[in-house]
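A.B. asks: What follows is the residue order along each chain.
2 protein chains.
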Amino acid sequence: MEGVETNASPKAFPMKGGDGPHSYAKNSSYQRDFIDAVKSMIDEAIADKLDIKHFYSTTSSCPFRIADLGCSVGPNTFISMKNIIEAIELKYNSEGMNSKIPEFQVFFSDHTSNDFNTLFASVPPDRRYFTAGVPGSFYGRLFPKSSLHFAHSSYALNWLSRVPKEVLDKDSPAWNKGKIHYGSAKNEVVEAYSAQFVRDMESFLNARAQELVYGGMMTLIMPCLANGSLISQSFTTIIEHVIGSSLMDMAQMGLISEDKVDSFNIPTYSPYLYEMEKLIERNKCFSIVKLELVARHQGNVSIPDVQAYTMVIRAVTEEGIKQHFGSEIIEELFDRIPRKIAEFSHLLDDIRKKATQLFVVLKREESDP
Amino acid sequence: MEGVETNASPKAFPMKGGDGPHSYAKNSSYQRDFIDAVKSMIDEAIADKLDIKHFYSTTSSCPFRIADLGCSVGPNTFISMKNIIEAIELKYNSEGMNSKIPEFQVFFSDHTSNDFNTLFASVPPDRRYFTAGVPGSFYGRLFPKSSLHFAHSSYALNWLSRVPKEVLDKDSPAWNKGKIHYGSAKNEVVEAYSAQFVRDMESFLNARAQELVYGGMMTLIMPCLANGSLISQSFTTIIEHVIGSSLMDMAQMGLISEDKVDSFNIPTYSPYLYEMEKLIERNKCFSIVKLELVARHQGNVSIPDVQAYTMVIRAVTEEGIKQHFGSEIIEELFDRIPRKIAEFSHLLDDIRKKATQLFVVLKREESDP
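Going line by line, the protein sequences match chains A and B. Everything in the first sequence is counted per the numbering used here, starting at 65 for the first residue and increasing by one. Everything in the second sequence is counted per the numbering used here, starting at 65 for the first residue and increasing by one.
Heads up, a few of these hints could be off.
Any copy will do: because identical chains look the same in the list, a pair fits if it lies in one copy or spans two.
[Said to hold, decoys possible] Dumping the calculated DSSO-like pairs for lysine-lysine here, alpha-carbon to alpha-carbon at most 27 Å: (1) K209 <-> K348; (2) K155 <-> K209; (3) K209 <-> K164; (4) K146 <-> K209; (5) K404 <-> K164; (6) K342 <-> K117; (7) K404 <-> K417; (8) K117 <-> K209; (9) K417 <-> K386; (10) K404 <-> K324; (11) K427 <-> K113; (12) K418 <-> K348; (13) K427 <-> K117.
In short, the hints are calculated from the structure, not lab data. Remember, predicted model here, so these are calculated numbers, not experimental data.
Required output: the full structure, derived from the provided sequences and hints.
C.D. replies: Dropping the structure here:
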């Protein structure tokens, strides 16, 4: 059989597994706040745009298949899937098709190195769907053709498939010496990251275009920059200020080698809104139902303190740092982080008030390019 | 939504996870020998009975979905899935439908406590299918209605959903004092095990009848007794002779309490051929394409020695014994096993020559009871 691209090559930068004090499972409330904030927007998109009569007429006995791409280990993925299913059920009810509500099958997908054992052990007992896990990179094909009705991805597409190779190449003008990200780096580095994002997003959209049925929907959530805003004024720059500068401090004290820092870059990218819009339009398989920037904190959401920020950053970066530097530097490094965060608390406060989160709703159209 | 029975209650008696020296992954060649032996029988059943034209006409763009129920961690499950897919592709070729070969999606299913992380990390890179894992007991529903085309289960249905409660009840005539299985126990114990098997097999067949499409097929492999043969002359009795008597020896030496042995029973059952046949016929959803006993060792398969038998028994029983007795007794217990196996080597030799393995091929008929 041709055409099955079982893409296992992209490098995983996994969230911290298990359910210990530094695990992603215990430190993902930062990501959850925003899930709560977008719930009503997802509800609205499903109510207005999901064409359930089309699904029903073409595949009468077909279950409704939903994928969470980059699900990590919960609990956020369980909340998102529950919200989406409730919105779909509501849609069936509102169209007088209560008796036609299909069975739901949810595919929890993430890198092969994701802790699926922990994920499976914590699937809510009162769920109203059949559970499956799908290991692999979402930059390749993960599902058979036309087999999904709804795909969701939250805080995952900001992870590139790999560090752009130029930034690790001493002979390249994009060599990112002494830095671990593009947040405060020279233009060539920013361009290398941006080009990698373009390649990855093209792969992502191509794969999903094949996997989603006509009329199928996709919701994407990720950090994003308003057109014209400065990278140096965004959360992205914090990674360099907080982790990068701590690592360089440790290099200067001789605790780690400078070469080791030079060869480490974090593979995340926050696109500008126009970059995302252009990539979707160029793909030609999806119509844009919604594409907008939203503030992360809406209403009475508590403001994270230095300790909370440290825990969030640790849950998301510890495993990747450990893979590169070894586990012996972890405690020393994360002891340094709170002081660094405190130094930039004014910037964090500014960013918190801005609309920095991208919320996208796409619909798979019956037109192949 | 009603009708989704996410059955998580049956108690798992898991195979040893990971890939260490005592793991199931490293000690499942006993089970594999037979997979090789039945390959040609599965090929034949698919060639003769799989109605691919029916699938093609009803669901033209549908992927072909296969489930391995009780897959454990490989490598056996990967070999079985590869064999089945190759046989299906051959069928398409032989019917001149080469260009219509569908995409395949394989669902690896086992208890939630199965080591899916190890399973996912070892899926063959050259596979020609999309991979998914499904956690849960196959005695309940695991998949949406009419969503599977082929279900396979090898050496898994011999594991009951639970120890029959009567055998642990001091006030029941079926109390199995001083024994850990029904192999050499009184009639009431055998009947309690048999009744549990009937309940479990009914649940299994009911669930699969809902999940398989009309025309879908199912292959089942498990230990079985020829009608009229004696349990005492079967492999089943070895569990008692080897593990049960070792535990009782340890109880008599005061290393564990006798109460602890009384409250431990291994939840496996090998049905008589007629029991299995009756249950399938009573279910009314499946036609029997093949139901026969096969000798485990065919041709030039090497004869396992005492050490090999010990490793097989350990990989399959260690986790369940550990859960009940604690890990501190494991080394002492498995040091005793080789001597016990040697004592019964004549019986093992006799059994090896007999047809003691059930091979069943079923087809989902378009008739609901």
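A.B. asks: Among the hints numbered above, which are violated by the structure, and what are their numbers in rising order?
C.D. replies: 5, 6, 9, 12
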